[in-house]
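Chemist: Sequence:
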Amino acid sequence: MNNLIVVLKKNKFKAIVVGVVMLALILMIIAIMVMFSFKGSVYGDRCDEIKNVPITDNRKKEIKEIVGGYENIEVTDINVKCRLLDITVNLKSDMDFAIVDEMSKAILGVLSEEELELYDIELMVTSSNKENTEYPKMGTRHKVINDEANDHFVW
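Quick note on this note's numbering: the sequence shown kicks off at 671 and runs consecutively.
Just so you know, the hints here were simulated from the structure itself, not pulled from any lab data.
Any given hint might turn out to be false.
In silico BS3-like cross-links for lysine-lysine, where the CA-CA straight-line distance does not exceed 25 Å [said to hold, decoys possible]:
{"#": "1", "residue 1": "Lys813", "residue 2": "Lys730"}
{"#": "2", "residue 1": "Lys730", "residue 2": "Lys807"}
{"#": "3", "residue 1": "Lys813", "residue 2": "Lys775"}
{"#": "4", "residue 1": "Lys751", "residue 2": "Lys731"}
{"#": "5", "residue 1": "Lys751", "residue 2": "Lys730"}
{"#": "6", "residue 1": "Lys684", "residue 2": "Lys730"}
{"#": "7", "residue 1": "Lys775", "residue 2": "Lys751"}
{"#": "8", "residue 1": "Lys807", "residue 2": "Lys762"}
{"#": "9", "residue 1": "Lys751", "residue 2": "Lys807"}
{"#": "10", "residue 1": "Lys734", "residue 2": "Lys762"}
{"#": "11", "residue 1": "Lys721", "residue 2": "Lys813"}
{"#": "12", "residue 1": "Lys731", "residue 2": "Lys721"}
{"#": "13", "residue 1": "Lys734", "residue 2": "Lys721"}
{"#": "14", "residue 1": "Lys813", "residue 2": "Lys751"}
{"#": "15", "residue 1": "Lys762", "residue 2": "Lys775"}
{"#": "16", "residue 1": "Lys679", "residue 2": "Lys731"}
{"#": "17", "residue 1": "Lys734", "residue 2": "Lys679"}
{"#": "18", "residue 1": "Lys807", "residue 2": "Lys731"}
{"#": "19", "residue 1": "Lys813", "residue 2": "Lys734"}
{"#": "20", "residue 1": "Lys731", "residue 2": "Lys775"}
{"#": "21", "residue 1": "Lys800", "residue 2": "Lys762"}
{"#": "22", "residue 1": "Lys762", "residue 2": "Lys813"}
{"#": "23", "residue 1": "Lys731", "residue 2": "Lys684"}
{"#": "24", "residue 1": "Lys751", "residue 2": "Lys721"}
{"#": "25", "residue 1": "Lys751", "residue 2": "Lys734"}
{"#": "26", "residue 1": "Lys800", "residue 2": "Lys734"}
{"#": "27", "residue 1": "Lys775", "residue 2": "Lys734"}
{"#": "28", "residue 1": "Lys730", "residue 2": "Lys762"}
Whole structure, please, built from the sequences with the hints as guidance.
Modeler: Next up, the structure:
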């Protein structure tokens, strides 16, 4: 112990620098730990409005039933992320796009006015026929902004 004190007295400047650097490192580690412990929502507070109007499993089932009513069209995925409703459908065989457009409007008919006002909806249409160059297609329908919104998907 006496040897350590002698070395520190001879090298006061180096000991002070090492001590300050060590203290700074410890403070940085504590600051990083505190910063990550207060991790909030990825979406901030913009999802708060939809807490009272969630897309339920029952609503997803209704969408699947509507799409299932069309021959050779199936729902492959329905995903809700904050204010975004993603629906993916697959065409089992080639068909006229007018049928797909009609089906997309039927999907919007299933959703309530509140859901249409709050959610952005994306409809992805794929085809089992890999040679069909018309697909994939993506349609979007944005939530109500300034009292304006489409009553259909924009392709």
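Chemist: It remains to establish, for every hint, whether it holds in the given structure.
Modeler: These are the hints, each one checked on the structure:
For the hint linking lysine 813 to lysine 730, the alpha-carbon distance of about 18 Å falls within 25 Å, and the restraint holds. For the given pair, lysine 730 sits about 21 Å from lysine 807 by alpha-carbon distance, which is consistent with the 25 Å threshold. Between lysine 813 and lysine 775 the alpha-carbon distance is near 15 Å, which keeps this suggested pair within the 25 Å criterion. Among the hinted pairs, lysine 751 with lysine 731 is consistent with the structure: their alpha-carbon atoms are about 17 Å apart, no more than 25 Å.
Of the pairs offered as hints, the one joining lysine 751 and lysine 730 holds, with about 14 Å between alpha carbons and a cut-off of 25 Å not exceeded. Distance check on the hinted pair: lysine 684 and lysine 730 sit about 67 Å apart at the alpha-carbon level, beyond 25 Å; violated. A threshold of 25 Å between alpha carbons decides the hint, and for lysine 775 with lysine 751 the separation of about 22 Å falls inside it, so the pair holds. For a cut-off of 25 Å, the pair hint linking lysine 807 to lysine 762 stands: about 15 Å separates their Cα positions.
For a cut-off of 25 Å, the pair hint linking lysine 751 to lysine 807 stands: about 20 Å separates their Cα positions. Distance restraint check for lysine 734 and lysine 762: the Cα-Cα separation of roughly 15 Å lies within the 25 Å cut-off, and the hinted pair is therefore satisfied. A distance of roughly 16 Å separates the Cα atoms of lysine 721 and lysine 813; the hinted pair therefore holds under the 25 Å criterion. Pair hint lysine 731 plus lysine 721 holds up; C-alpha atoms about 20 Å apart against a cutoff of 25 Å.
Proposed proximity of lysine 734 and lysine 721 is supported: the alpha carbons are some 23 Å apart, at most 25 Å. Between lysine 813 and lysine 751 the alpha-carbon distance is near 14 Å, which keeps this suggested pair within the 25 Å criterion. Distance hint between lysine 762 and lysine 775 is fulfilled; the C-alpha atoms sit about 20 Å from each other, no more than 25 Å. Between the alpha carbons of lysine 679 and lysine 731 the distance comes to roughly 77 Å, so the proposed pair goes past 25 Å and is violated.
A hinted pair counts as satisfied when its Cα atoms are at most 25 Å apart, and lysine 734 with lysine 679 does not qualify at roughly 79 Å. Among the hinted pairs, lysine 807 with lysine 731 is consistent with the structure: their alpha-carbon atoms are about 23 Å apart, no more than 25 Å. Between lysine 813 and lysine 734, the direct Cα distance comes to roughly 21 Å. Compliance with the 25 Å bound is thereby established for this hinted pair. For a cut-off of 25 Å, the pair hint linking lysine 731 to lysine 775 stands: about 17 Å separates their Cα positions.
Restraint check: the Cα-Cα separation between lysine 800 and lysine 762 comes to about 11 Å, which is no more than 25 Å; the hinted pair holds. Pair hint lysine 762 plus lysine 813 does not hold up; C-alpha atoms about 30 Å apart against a cutoff of 25 Å. With a C-alpha separation of about 70 Å, the suggested pair lysine 731 and lysine 684 falls outside the 25 Å cut-off, and the hint is violated. Distance hint between lysine 751 and lysine 721 is fulfilled; the C-alpha atoms sit about 12 Å from each other, no more than 25 Å.
At most 25 Å may separate the alpha-carbon atoms for a hinted pair to count; lysine 751 and lysine 734 meet this at roughly 18 Å. Restraint check for lysine 800 and lysine 734: satisfied, since their Cα atoms lie roughly 23 Å apart, inside the 25 Å limit. Pair hint lysine 775 plus lysine 734 holds up; C-alpha atoms about 14 Å apart against a cutoff of 25 Å. Distance check on the hinted pair: lysine 730 and lysine 762 sit about 20 Å apart at the alpha-carbon level, within 25 Å; holds.
Comparing the model with each numbered hint stated earlier shows that hints 6, 16, 17, 22 and 23 do not hold.
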